[in-house]
Amino acid sequence: MLEARVAKRLGALDLAFELSVGKETLVVAGPNGAGKSSMLRLLLGSIRPDNGRIALDGRTLYAERIDVPPEERHIGYVPQDYALFPHLDGIGNVAFGLAHLPRRERRAHAAAWLERLAASHLAHRRIDALSGGERQRLALARALAREPRALLLDEPFASLDPSARRELRANLRTSLQQWRLPALIVSHDPQDAMLADRVAVVEGGRIVQQGTPEELRRAPASPFVAAFHQRPPID
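For the sequence shown, counting from 1, position 34 maps to 233 in our numbering; every step adds exactly one.
Please note: incorrect hints may appear among the correct ones.
[Said to hold, decoys possible] The calculated label-pair distances, taken between Cβ atoms and stated as ranges, are:
1. 302 x 270: 14 to 20 Å
2. 295 x 421: 42 to 48 Å
3. 393 x 265: 32 to 38 Å
4. 306 x 429: 45 to 51 Å
5. 377 x 262: 30 to 36 Å
6. 357 x 271: 27 to 33 Å
7. 423 x 287: 42 to 48 Å
8. 250 x 422: 27 to 33 Å
9. 423 x 245: 26 to 32 Å
10. 206 x 307: 39 to 45 Å
11. 298 x 245: 16 to 22 Å
12. 301 x 393: 37 to 43 Å
13. 249 x 346: 29 to 35 Å
14. 265 x 295: 23 to 29 Å
It is worth saying that the hints were derived from the structure and are not from the lab. Backbone N, C-alpha and C define an ideal beta-carbon position, used for all residues, glycine too.
Let the sequences and hints guide you as you build the complete structure.
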């Protein structure tokens, strides 16, 4: 379980949130500038909270005198731009970060994850020749190859065209159900709530309501929550 109760002042944004994610998918939804991506960076350890606590499976990652480095937190991360290395092929990107494995095992381990994600055909492809959906699969395989205990995804569909977005939403939903990892996805598109077991709506650095997608549609806690969920799909 991924648990956090933290606060951080970021310029004009006073960010404070509390969340708990078990073996489920939580979609953190809200408009641009609400603090969603900053939440991910706090969980990852690339931003230090002003105060609070972060824990994963009972292990404290951040507290008053504890600050575990990002590379030791066992949290997988898929950034919005995927951050793939153009000088490496597909399998080289997935194998990157597996330095803890013997050299001979790295590519075999990477190949196994490509196969799990039905992406073996991307192993020797150049990054600049891949579609947005193909890049997303590689980035996801790279994050999962390290066998994290939790997975964070930052706007995973923002750079995709509408048809690819719909297809990959369905594929990712199926995969997340199979892996049963604590997964947190941030998005400004209310349609991404279809991925969620629970949704947390963010406004001005605060989580203003949490619940299942159906609970938020049926009983929004504020006009803001109601208006956000009534927005049309982003095409």
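Each hint tested on the structure:
1. 302 x 270: 14 to 20 Å: For residue 270 against residue 302, whose Cβ atoms are near 19 Å apart, the range 14 to 20 Å holds.
2. 295 x 421: 42 to 48 Å: 43 Å, holds
3. 393 x 265: 32 to 38 Å: At 37 Å between Cβs, range holds.
4. 306 x 429: 45 to 51 Å: This hint holds: roughly 48 Å between Cβ atoms.
5. 377 x 262: 30 to 36 Å: Holds, since residue 377 and residue 262 (Cβ atoms, about 33 Å apart) stay within the stated range.
6. 357 x 271: 27 to 33 Å: Since residue 357 and residue 271 have Cβ atoms about 29 Å apart, the given range 27 to 33 Å holds.
7. 423 x 287: 42 to 48 Å: Holds - the Cβ-Cβ distance for residue 423 and residue 287, about 43 Å, lies within 42 to 48 Å.
8. 250 x 422: 27 to 33 Å: 31 Å, holds
9. 423 x 245: 26 to 32 Å: About 28 Å separates the Cβ atoms of residue 423 and residue 245, which means 26 to 32 Å holds.
10. 206 x 307: 39 to 45 Å: Roughly 44 Å apart at Cβ, these two residues keep to the hinted range, so it holds.
11. 298 x 245: 16 to 22 Å: Holds - the Cβ-Cβ distance for residue 298 and residue 245, about 20 Å, lies within 16 to 22 Å.
12. 301 x 393: 37 to 43 Å: 41 Å, holds
13. 249 x 346: 29 to 35 Å: Hint holds: Cβ distance 31 Å, inside 29 to 35 Å.
14. 265 x 295: 23 to 29 Å: 28 Å, holds
In this structure, none of the earlier numbered hints is contradicted; all agree with it.
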